[in-house]
Amino acid sequence: MKRLLTIVGLLVLLGGVAVCAAEDGVTDKEVVIGAGLDLTGAVANWGVNIKAGMDAVFSRVNAAGGVHGRKIRLIAYDHVYQPPKAVTNAKRLVERDKIFVMMGHLGTPTTKAVMDYLQDKQVPNIFPATLASIWTNSGKYHVGDLATYADQTGLIVDYLVKERKIRKIASFYQDDEYGLDGHLAGKARLKHTHDLAYVAEVDYKRADIDFSSQAAKLKESGADAVIVQAVYREPPRLAEQCHAIGYNPVFIGPSPIVVAKTIELGGKHVEGLMGVEVYPLPTDPGAFLDQYRADMAKYAPSLPIDTTNLYGYQKAAVFVEAMQRAGRNLTRDSVLKAIESIKDWDPGWGLKYGYGGDNRRGMSNAGRLVTVKDGKWIKVGDWMELKEVGRK
Amino acid sequence: MTEILSSQVVSGLATGCVYALIALGFVLIFKATDVVNFAQGEFVMVSGFISYTLLIGLGIHYGLVLLATIVLSGVMGVVLERVVVRPIMDAPIFSIVIATIGASIVLRSSAGILYGYDVLPLPTIFSKDPIRVGFVQFTAMDAGVIGFSLVIMVALYLFFKLTRTGTAMRATAQSQTAARLMGVSVTRIFSLTWAISAAIGGVAGVLIAPIIYLDPNLGFIGVKAFAGAILGGFGSIPGAIVGGMLLGVIENLSGYFFNAGIKQVSTYILLILVLVIRPAGLFGAAPIRKV
Amino acid sequence: MPVGAESNGRSPLLVLDGVETFYGAIQALKGVSFTVPEGSIVTLLGANGAGKSTTLKCISGLVPAARGTVSFRGQRIDGLPCETIVRRGISHVPEGRELFPELTVLENLAMGAYARSDKRAIHATLERVNACFPILAERRTQLAGTLSGGEQQMLAIGRALMAEPALMLLDEPSLGLAPMLVEEIFAIIRGIHAGGTTVLLVEQNANKALSIADYGYVLETGTIVLAGDSQQLLKDDRVRRSYLGQR
Ligand SMILES: Nc1ncnc2c1ncn2[C@@H]1O[C@H](COP(=O)(O)OP(=O)(O)O)[C@@H](O)[C@H]1O
Ligand SMILES: [Mg+2]
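Chain order of the listed sequences is A, U and H. Reading the first sequence from the start, the letters are residues 1 to 392 in the numbering used here. Reading the second sequence from the start, the letters are residues 1 to 291 in the numbering used here. Reading the third sequence from the start, the letters are residues 1 to 247 in the numbering used here.
Please keep in mind that the hints were generated in silico from the structure rather than gathered at the bench. Keep in mind that the hints are not guaranteed to be accurate.
[Claimed, not checked] Below 20 Å or equal to it, Euclidean Cα-Cα: the simulated DMTMM-like pairs (lysine to aspartate or glutamate) are:
id: 1; chain 1: A; residue 1: Lys392; chain 2: A; residue 2: Asp175
id: 2; chain 1: A; residue 1: Lys140; chain 2: A; residue 2: Asp120
id: 3; chain 1: H; residue 1: Lys119; chain 2: H; residue 2: Glu164
id: 4; chain 1: A; residue 1: Lys121; chain 2: A; residue 2: Glu271
id: 5; chain 1: U; residue 1: Lys31; chain 2: H; residue 2: Glu102
id: 6; chain 1: U; residue 1: Lys128; chain 2: A; residue 2: Asp290
id: 7; chain 1: A; residue 1: Lys71; chain 2: A; residue 2: Asp116
id: 8; chain 1: A; residue 1: Lys162; chain 2: A; residue 2: Glu385
id: 9; chain 1: U; residue 1: Lys161; chain 2: H; residue 2: Glu107
id: 10; chain 1: A; residue 1: Lys352; chain 2: A; residue 2: Asp284
id: 11; chain 1: A; residue 1: Lys91; chain 2: A; residue 2: Asp120
id: 12; chain 1: A; residue 1: Lys352; chain 2: A; residue 2: Glu385
id: 13; chain 1: U; residue 1: Lys128; chain 2: A; residue 2: Asp374
id: 14; chain 1: U; residue 1: Lys128; chain 2: A; residue 2: Glu271
id: 15; chain 1: A; residue 1: Lys392; chain 2: A; residue 2: Glu264
id: 16; chain 1: A; residue 1: Lys112; chain 2: A; residue 2: Glu177
id: 17; chain 1: A; residue 1: Lys268; chain 2: U; residue 2: Asp129
id: 18; chain 1: A; residue 1: Lys298; chain 2: A; residue 2: Asp284
id: 19; chain 1: U; residue 1: Lys161; chain 2: H; residue 2: Glu102
id: 20; chain 1: A; residue 1: Lys379; chain 2: A; residue 2: Asp158
id: 21; chain 1: A; residue 1: Lys29; chain 2: A; residue 2: Asp290
id: 22; chain 1: A; residue 1: Lys373; chain 2: A; residue 2: Glu201
id: 23; chain 1: U; residue 1: Lys31; chain 2: H; residue 2: Glu107
id: 24; chain 1: A; residue 1: Lys112; chain 2: A; residue 2: Asp176
[Unchecked claim] Computed spacing ranges between beta-carbons, pair by pair:
id: 25; chain 1: H; residue 1: Arg87; chain 2: A; residue 2: Ser302; range: 20 to 28 Å
id: 26; chain 1: U; residue 1: Arg278; chain 2: A; residue 2: Lys91; range: 41 to 49 Å
id: 27; chain 1: U; residue 1: Ile60; chain 2: H; residue 2: Thr141; range: 44 to 52 Å
id: 28; chain 1: U; residue 1: Leu114; chain 2: H; residue 2: Ala121; range: 32 to 40 Å
id: 29; chain 1: U; residue 1: Phe258; chain 2: A; residue 2: Arg96; range: 39 to 47 Å
id: 30; chain 1: H; residue 1: Gly31; chain 2: U; residue 2: Phe94; range: 31 to 39 Å
id: 31; chain 1: A; residue 1: Thr27; chain 2: U; residue 2: Met89; range: 38 to 46 Å
id: 32; chain 1: H; residue 1: Thr221; chain 2: U; residue 2: Ala91; range: 47 to 55 Å
id: 33; chain 1: U; residue 1: Pro87; chain 2: H; residue 2: Ala124; range: 39 to 47 Å
Quick caveat: nothing in here was measured; it's all calculated off a predicted structure. Cβ coordinates follow ideal geometry from the N, Cα and C atoms, glycine included.
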């Protein structure tokens, strides 16, 4: 009897070892997830909050025993929104920390920098915190989650031309993979659908802090609307500097600007600023959002609820759903398959997630317009299924 | 065209004034002690957080906050000199410079730990609404920054030119030996130099933080100011002022005439051009030499 | 016991006793002892590198004495910082003048009075210095760096006078000056002495120095090897051979 037990024990141990050897980052008791975020740099507000949102989900799941008995451990490193640093961090995560998957990797230029490396190592790049269209069409190891900047800009262009009857539209964009995604898609959409072109194309560099020359050029172009392919620091500063020279166009941009910080920084200068959101506002009703607010209060009490941490929160929630579906036998393949199996799944906020197919590796194409009114982001349109807009 | 250009110049001058103030801090310390203080930008950042804390945290009146920030920044300069620089004053200059880089990292991280890395809006008394004088359009903020900077510069000039202590500071920069023989306490002059440099950095912080927002990385503006100081001729006070202002204007104009990429490197292109033509910078005396 | 000049009955203003100094591992002074009587002109002679300048620096506090004592008016001043020693009444005109080249002549003079606070008294001193050096008054707004060598030396001396010192240390004031200017400088030193200031003069020009000094000391590699009154030293064979260029 005793001997039998020993043999069984040994088998279990061996089995455990076998599972261990099967996939990096997965043991009997634990799954290790990696993230490269900007925690101290130009878009730290996004990074810090995405991490807090993901941590909140994982903490709740872990407190309830984990997923199929495995606790989730998130290791996040700070890449300061600098591509070279993002590469170093990714190597550290993959080779030293042996992560199972990369999740919520922040920033378009930074994630683009680690893309080939993750591909080589066959480490899935799940729901990077960048909605550039590249993640939806770069093959098996990259999966986007929400409507891309390209698609969002399509919505913006259609809205400006059709509903606002504005024909003089300018683009103010970050001169990198992030800004170019929406910028080029907007240009294509203007040309192919409306037979128009930007009246001015004005770029800026990541972490630039002064936009007076951009403001001057935009004013001279006579644009009635400026599409800001920017994050949260730039729209307030640009608006201020435009207002300073007596220029008051409509400012409108994709989801990265739809953050409380934009309003905090810009004050009255961002009243009327418009944006696209691709998931509900943190204050909206719904079971999922109630859960979110409760988790944030419990696990990140010092952070106010905000689109930024909700962004990370929803990524982690969808990923946990995928791990549930993957079952006890958790491998990189099985979790990717599980993500692909998600169809018409609503976590409880009235927005359905569904895998878009191999040519469109994303989970949702929903979007709607919002605006700043009385110092708050409020919705101005209803959810729409955004059309796919190319960059050419 | 002239209208747009002139407002470009004015807003460039406003940024340039801030560069100039920071550059002044670099040059004052360098002249007096031969040390290039790479924590100069962090004086700007820390003073931003000091005034943020006093204004938002404690709700103190703006004028008082301004005064308190300048004083506290000065104290910070003295502390940094006493704690970081003085103990190794006999070490090679290179080591001291590295120590100031270390101090800058410590200050930046401390601010990050205390306040987070998020950008914060710092209130200001100057409005950002447009003002128009003739065909030049600018904001009260621009005018306030330029005006306040000029006041500080003139006050410094008068201090150095007319007061006994100011003269002693200039004298010490020229010959420490002789200054000691005259009865000047060189260590006190060093402390005072750091205090003044940090206080000017404090003024720069209060002026710039409301414009470009406050975060622990604000100190990187020191890099631009440093370039301004070299442009003017490192070690020259008028050079620091003109170099800083010139840089602000050139940056704006290159952004206007070209694009963000050119704007980003315009500083360095200008710097290289000037150094090729005049290796000592615009106002620099021939090779930098200490008496 | 320090040797020399006190034997003549005047009270000693400055006494060095066994002073030793090091520059790193190099010992520059190996036990220097001598006395400067009040109201005298004393000269310190010696070859290049003998330690003359170092001796003066030890007195004014520019370099610390490792061993031995320096007493001024009966009180020990070794170990005190420069800025305290000036205030006790010792002015040091260093080798090479060490002017503030980018300050004006007037600012240089004002710096000379940095240790004093009585504005009226300072002004009186300035008047006297101006009377003494009319050329400085003429050039008062000019930068010190633009003066000629002779004028610079006058400014260095004038600046030291601004402190109204009881003892003036002069380190090779005639160095590099044309013969006519050398005469003028020595006349000025006599004038300063006549005004009641005790002078400790370091000179390469031993002949001239001894001609105006009451006493002289000869320093060789950090030690005093000869002492005596000037007339005596002028006749001494060793002095004549080594420092007066006579064989
Ligand atoms: N700053 C210094 N560092 C090292 N050695 C020095 C220094 N100054 C002087 N010395 C050395 O000390 C000795 C005495 O120098 P000094 O007092 O200048 O001589 P003097 O004035 O008689 O020509 C010389 O050997 C000189 O090389
Ligand atoms: Mg000498």
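The hints, checked one at a time:
Restraint check for Lys392(A) and Asp175(A): the C-alpha separation of about 17 Å stays at or below 20 Å, so the hint holds. With a CA separation close to 12 Å, the supplied pair Lys140(A) and Asp120(A) stays within the 20 Å bound. In summary, the hint linking Lys119(H) to Glu164(H) is supported, as the alpha carbons are separated by about 13 Å, within the 20 Å threshold. Annotation: proposed proximity of Lys121(A) to Glu271(A) is violated, straight-line Cα distance about 46 Å (limit 20 Å).
For the hint pairing Lys31(U) with Glu102(H), the CA-to-CA distance comes to about 12 Å; that is within 20 Å, so the pair holds. For the hint linking Lys128(U) to Asp290(A), the alpha-carbon distance of about 39 Å lies beyond 20 Å, and the restraint is violated. About 29 Å separates the Cα atoms of Lys71(A) and Asp116(A), which puts this hinted pair outside 20 Å; it is violated. With a CA separation close to 17 Å, the supplied pair Lys162(A) and Glu385(A) stays within the 20 Å bound.
A distance of roughly 9 Å separates the Cα atoms of Lys161(U) and Glu107(H); the hinted pair therefore holds under the 20 Å criterion. Under the criterion of a C-alpha separation no larger than 20 Å, the hint pairing Lys352(A) with Asp284(A) is consistent with the structure, at around 16 Å. For the hint pairing Lys91(A) with Asp120(A), the CA-to-CA distance comes to about 11 Å; that is within 20 Å, so the pair holds. Between the alpha carbons of Lys352(A) and Glu385(A) the distance comes to roughly 10 Å, so the proposed pair stays at or under 20 Å and holds.
Note on Lys128(U) and Asp374(A): the hinted pairing holds, with a Cα-Cα distance of about 19 Å set against a maximum of 20 Å. For the hint linking Lys128(U) to Glu271(A), the alpha-carbon distance of about 15 Å falls within 20 Å, and the restraint holds. Only pairs whose Cα atoms come within 20 Å are accepted, and Lys392(A) paired with Glu264(A) is rejected, the gap being roughly 36 Å. Restraint check: the Cα-Cα separation between Lys112(A) and Glu177(A) comes to about 8 Å, which is no more than 20 Å; the hinted pair holds.
For the suggested pair Lys268(A) and Asp129(U), the alpha carbons sit about 11 Å apart, so the restraint of at most 20 Å is met. Under the criterion of a C-alpha separation no larger than 20 Å, the hint pairing Lys298(A) with Asp284(A) is consistent with the structure, at around 19 Å. In summary, the hint linking Lys161(U) to Glu102(H) is supported, as the alpha carbons are separated by about 12 Å, within the 20 Å threshold. Between Lys379(A) and Asp158(A) the CA atoms are separated by roughly 17 Å; this keeps the pair inside 20 Å, and the hint holds.
For the proposed pair Lys29(A) and Asp290(A), the alpha carbon gap of about 29 Å is over 20 Å, so the pair is violated. The straight-line distance between the Cα atoms of Lys373(A) and Glu201(A) is roughly 28 Å, outside the 20 Å bound, and the hint therefore fails. Proximity of Lys31(U) to Glu107(H) is assessed by CA-CA distance (about 18 Å); at most 20 Å being required, the pair is judged to hold. Between Lys112(A) and Asp176(A) the CA atoms are separated by roughly 10 Å; this keeps the pair inside 20 Å, and the hint holds.
Distance hint for Arg87(H) and Ser302(A): a CB-CB separation of about 58 Å, inconsistent with the stated range 20 to 28 Å. For the pair Arg278(U) and Lys91(A), the supplied restraint of 41 to 49 Å holds, since their beta-carbon distance comes to about 45 Å. Between Ile60(U) and Thr141(H) the CB atoms are about 46 Å apart, so this pair conforms to the stated range of 44 to 52 Å. Distance hint check: the CB atoms of Leu114(U) and Ala121(H) are about 53 Å apart, inconsistent with the given range 32 to 40 Å.
The beta-carbon spacing between Phe258(U) and Arg96(A), approximately 43 Å, falls within the hinted interval of 39 to 47 Å. Restraint check, Gly31(H) to Phe94(U): a C-beta distance of roughly 38 Å satisfies the suggested window 31 to 39 Å. Range check, Thr27(A) to Met89(U): Cβ separation about 55 Å, and the 38 to 46 Å hint is violated. Against the hinted window of 47 to 55 Å, the Cβ-Cβ separation of Thr221(H) and Ala91(U) comes to about 31 Å, which falls outside the hint.
A hinted range of 39 to 47 Å holds for the C-beta pair Pro87(U) and Ala124(H), which are about 43 Å apart.
Hint violations for this structure: numbers 4, 6, 7, 15, 21, 22, 25, 28, 31 and 32, all remaining hints satisfied.
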